[in-house]
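Number of protein chains: 4
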Amino acid sequence: MNRIKVGVIGATGYAGLEIVRLLLSHPNVEIAQISSVSYEGKKLSEIYPQLTGIYEKVLTNDAVVVEESQVVFACLPHGHAEPIAKKCFDQGKLFIDMGADFRLSKEEDYKQWYGGQYEEKGLHKAAVYCIPELHRDRLKNAKIIANPGCYPTSISLGLAPVLKAGIADVSTIVIDSKSGATGAGRGLALNTHYTECNEGFSPYKVASHRHTPEIEEVLSGIAKQEVTVTFVPHLLAVNRGIVSTMYVNVPPDATEETIRGLYEEFYKNERFVKLLPAGAAANLKNVKYSNYCHISLHLDNRTHRLIVVCTIDNMVKGAAGQAIQNMNIALGLEEAAGLTMVPPAF
Amino acid sequence: MNRIKVGVIGATGYAGLEIVRLLLSHPNVEIAQISSVSYEGKKLSEIYPQLTGIYEKVLTNDAVVVEESQVVFACLPHGHAEPIAKKCFDQGKLFIDMGADFRLSKEEDYKQWYGGQYEEKGLHKAAVYCIPELHRDRLKNAKIIANPGCYPTSISLGLAPVLKAGIADVSTIVIDSKSGATGAGRGLALNTHYTECNEGFSPYKVASHRHTPEIEEVLSGIAKQEVTVTFVPHLLAVNRGIVSTMYVNVPPDATEETIRGLYEEFYKNERFVKLLPAGAAANLKNVKYSNYCHISLHLDNRTHRLIVVCTIDNMVKGAAGQAIQNMNIALGLEEAAGLTMVPPAF
Amino acid sequence: MNRIKVGVIGATGYAGLEIVRLLLSHPNVEIAQISSVSYEGKKLSEIYPQLTGIYEKVLTNDAVVVEESQVVFACLPHGHAEPIAKKCFDQGKLFIDMGADFRLSKEEDYKQWYGGQYEEKGLHKAAVYCIPELHRDRLKNAKIIANPGCYPTSISLGLAPVLKAGIADVSTIVIDSKSGATGAGRGLALNTHYTECNEGFSPYKVASHRHTPEIEEVLSGIAKQEVTVTFVPHLLAVNRGIVSTMYVNVPPDATEETIRGLYEEFYKNERFVKLLPAGAAANLKNVKYSNYCHISLHLDNRTHRLIVVCTIDNMVKGAAGQAIQNMNIALGLEEAAGLTMVPPAF
Amino acid sequence: MNRIKVGVIGATGYAGLEIVRLLLSHPNVEIAQISSVSYEGKKLSEIYPQLTGIYEKVLTNDAVVVEESQVVFACLPHGHAEPIAKKCFDQGKLFIDMGADFRLSKEEDYKQWYGGQYEEKGLHKAAVYCIPELHRDRLKNAKIIANPGCYPTSISLGLAPVLKAGIADVSTIVIDSKSGATGAGRGLALNTHYTECNEGFSPYKVASHRHTPEIEEVLSGIAKQEVTVTFVPHLLAVNRGIVSTMYVNVPPDATEETIRGLYEEFYKNERFVKLLPAGAAANLKNVKYSNYCHISLHLDNRTHRLIVVCTIDNMVKGAAGQAIQNMNIALGLEEAAGLTMVPPAF
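Chains as they are written, first to last, in full-length UniProt numbering: chain W, 1 to 346; chain S, 1 to 346; chain C, 1 to 346; chain Y, 1 to 346.
Don't take each hint at face value.
Note: identical chains are not told apart, hence a pair may lie in one copy or across any two.
[To be verified] Using 27 Å as the maximum straight-line C-alpha spacing, the simulated DSSO-like pairs for lysine-lysine come out as follows:
{"id": "1", "residue 1": "Lys43", "residue 2": "Lys268"}
{"id": "2", "residue 1": "Lys143", "residue 2": "Lys43"}
{"id": "3", "residue 1": "Lys93", "residue 2": "Lys205"}
{"id": "4", "residue 1": "Lys106", "residue 2": "Lys42"}
{"id": "5", "residue 1": "Lys125", "residue 2": "Lys93"}
{"id": "6", "residue 1": "Lys43", "residue 2": "Lys111"}
{"id": "7", "residue 1": "Lys5", "residue 2": "Lys205"}
{"id": "8", "residue 1": "Lys106", "residue 2": "Lys43"}
{"id": "9", "residue 1": "Lys5", "residue 2": "Lys268"}
{"id": "10", "residue 1": "Lys57", "residue 2": "Lys42"}
{"id": "11", "residue 1": "Lys93", "residue 2": "Lys224"}
{"id": "12", "residue 1": "Lys93", "residue 2": "Lys57"}
{"id": "13", "residue 1": "Lys42", "residue 2": "Lys164"}
{"id": "14", "residue 1": "Lys5", "residue 2": "Lys93"}
{"id": "15", "residue 1": "Lys205", "residue 2": "Lys42"}
{"id": "16", "residue 1": "Lys268", "residue 2": "Lys57"}
Calculated directly from the structure, the hints in this document are not laboratory data.
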């Protein structure tokens, strides 16, 4: 079988590098070209010495990537994906955007939270946002895929079953998330300077993070009613992983067992989402370096609050892995192709 | 001036060691005796090499400590403090319990959450629970002081002003706390084995932690109504520090500015509690190795939820430092004596 | 093609678990049985929740493992491998020992450093010690493989080319190694208690570590003369990885370029050993979670000392990965089968 | 007693901040002024929130600092200290340089390793380099003090007794040092970006670090012969602390006991240097946040190599603490004034 030619634009950022790394073990694709604005002409292994002698490809520019690829992953700051998406769309190539440019269906949300506007409105209509376990069907014939944000993935997977069942009081949702430092990317900043981050812990962008409208759009779609949440992210001094601890009121007669049943049913056919047994608590160390998602459920009987803990590797299920999962589905490949790595215990 | 003779029972545990360490720089006291069940007859510096050549005291037993001290700190597993408290009380010595035995005023709460009972009910009547910034007056003539738990301290200091003002909807309180690994003590366990804890993050004892009734008793006292909370602690892979992120609904017309005013007023005379300026977020690295408490306020105008972030060093303001602060007040010393260390930046 | 049946004895220790994890992605084998003395009858996923829903095998005992496997990996404390090795040997199965019982050719070395003796001397004659890049030929017809220690692997790979060339003054070898905490295994101990290990650094077993005779035997074999070294290991507060910094005098007329040439030649056909370009320094983060070994060379022209820095993942190339590499060669499989994972950048 | 007026130039860098922090607890001085080129006009607490409500001083410029201070600490990049030193010298103020400008007695060494030259040769004659335990007498009447580098301090204290005794073979000295990330300062760089530094370990500037000539000058002075060393520093993913593991050949008849005796004698009157008992190994966690230095001795009887492990907090004994110790001596204050903090155990 011929391997599908895939390209990665922005391959030297953390998401881009992780896509490259995972694609190197994918059985059905080959990496055609990779690009970088800052490092064009250099080998990727010069920037990332872990690739020494393993992958010595030279970085090119985005035009070459588009030209030679059937599938294009774009890892760009928001506001830069549209022109490339258009080119791919016009040439019938599959375009997968790792940024936020196609995630929000309402342009006014994008304007409010990101400060830009939609130049090519037709593209945005064509684009589909997809967390596979929630929106797999959307990928049929999709040509532009908006790959979800890391926080929205961990939150949506955690809350979907109880929201879909209609038993949660959606006015009471509080989301306390914690993300590893790769979430902040490779750009240097004081809060991710080693000595400032290490042995520290703090929230940031409290109730004002740009992932908020994306979270609310996904949750509203599942709940079939408008959902507004309080979302507070924290920076965690680990390399990888997100833990979202979520709180929502449920009726006094709801039991943990019933709710557990909803989750089991919801995810019974999913390979990558695992519901932990009663009494266990989800821990990010158990999913890191993998595409798995762990969910634990806890009912506070004293307050009738359901506590859902959902953890993923922000760089895999929260970024590169989910993008490949989306690609696999869109291309009709096995959904788990290239994503079967077993999480390490340490 | 003669130095006051102080003793520490259970000096080889983390709280006991930290009390000893801080007392070594206290201007008004001297350490008379220290004890340990497991290490009696050894020097404390044999267990903690940081004390080599600085403090070479030999560990004795609790009887000797009580005998030779005017003030006794007890760092014992819960259920072991009563007999020693009685001895001190009968001899007119000041007894400060670092454990949970005297923290709860209702015996049924103690029974439910800790599984024991109060043998000496009179002692429990005499005992006072004291977070100095909230209950300083209780220390007048106190002979038994129940030193607060680390989580309750961070939570009570964070919520007191808004609860006292009566503007919070106390049925909506959600508390998401994160504690460094010293909170689990020196006892070996798999979840604090280096390779299991490092690069991991997880909640534990979800909505079932023993500090819950203590939190509720303190908050109810301030709010002057029964308060029930959802409390979820998480283990953070740092050595020291607690961050409590707290969520509570406030009326739609409450502004961040008004609420900030309440906090400023409440803490205006306090040396150890600092309200951060608008826009800043409390970070545990800024209080570690000190007795300070940092609070940041954030109002989610979209949901009318107040978010309070409160951070302390769990071993200082959350344990040893607060105990010394309580001792200072009870003895009529300067409240900050021995507690003036400036937090390091790294 | 039928998959080869492989068993793992001691599968709940760190080395055993890592073998299981890697074998789950191996294209030519299947795991027949796994055993544990402490957890027989439990599922491995109960001890390691990362396996939830991925691998739900129940742990059995060593007899069943041997019975049902064609290849047996033994992950046992030293002194326990002989009887199982004998059983496997007698039944013509391939036995791979992860411990030290078959590593030393001289029984007196074993006695001196480990304190035991060889009961079945014939087995020890049959056993072969193998770092594939140095001793690949020994595996032909091997039935008992002594898998090397983690420190000796990083040290031997680093020094082999210069020792083989005969230009090093073998009386001057100083080895300063640093290992991540997984090297100490899963057993609880104070020095690997999170709060004691984190933000600390220290040597241990200074010039007295049990890997010393193994290091000297390998190096002597390559140098074709008796080599005695000073070896000082340090505990590094990271999960994985070893860095060995090695010092050896070379003749005044030796240049870094010449020596680099020796290394290039020595490893030119090796997939897993990478010589870094001049100016680069080997970093453990670049090999972790992989079977790769990175070597950097530095000549101190002022003292005519060659400095070799060699890094591996102690759990992969230093344990489980190298054992699988040895198995692959012994079975005539592709040497890199199951070991092609690309190291992550973070 | 009037407090001595002290100023800090470059107070927003890590060394400057640490000096300020320590001086805030010093019984005999007051901070007159602090300066910063980048942050003039801002409060230091705006840059370092740990100082909120504790120290709200506004940063000024270096001219004001010199004007209003009797003692000036300069925390500047190398090459910038001379003009300020001159001003202080001419006005009879005590100048303490935290940088490298006055550390090397030979201008050609400075040229070779730092690339600059000495403009004011008279100042360099007047300047004294001082590790108090080795050169205390030099401080008498000193007006310019070159505060030693962090690596040279840990190395010189570790090797001084055996070099002074004349029993070490100085041609065999190998120094393998490991430093926490504060050593790299507050400037952003990729190797101290959290995700690049965390879970990594690597040497840097192998056999080419600028501290080399300083190390050799100090050791040569003690050994009374020219000493050339191989020095390899490594970046350690901890905030604070240096461990230097040092190797040197001693005569076959030297015993660990004899050598231990030399060290005991050498340091018997020193408050800050502690020789650990036989069998113990120095660990940086036992000195961090303090001015103490721990030394452990280990003799490899098989190779007749002495291994000395010496650890300090790079920011205290390796920088700010030692500078204050030097100031105390020069001013005739108690040597340990402001430096009595007991190292924390965690």
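Ascending list of hint numbers which this structure does not respect: 2, 3, 4, 6, 7, 8, 9, 11 and 13
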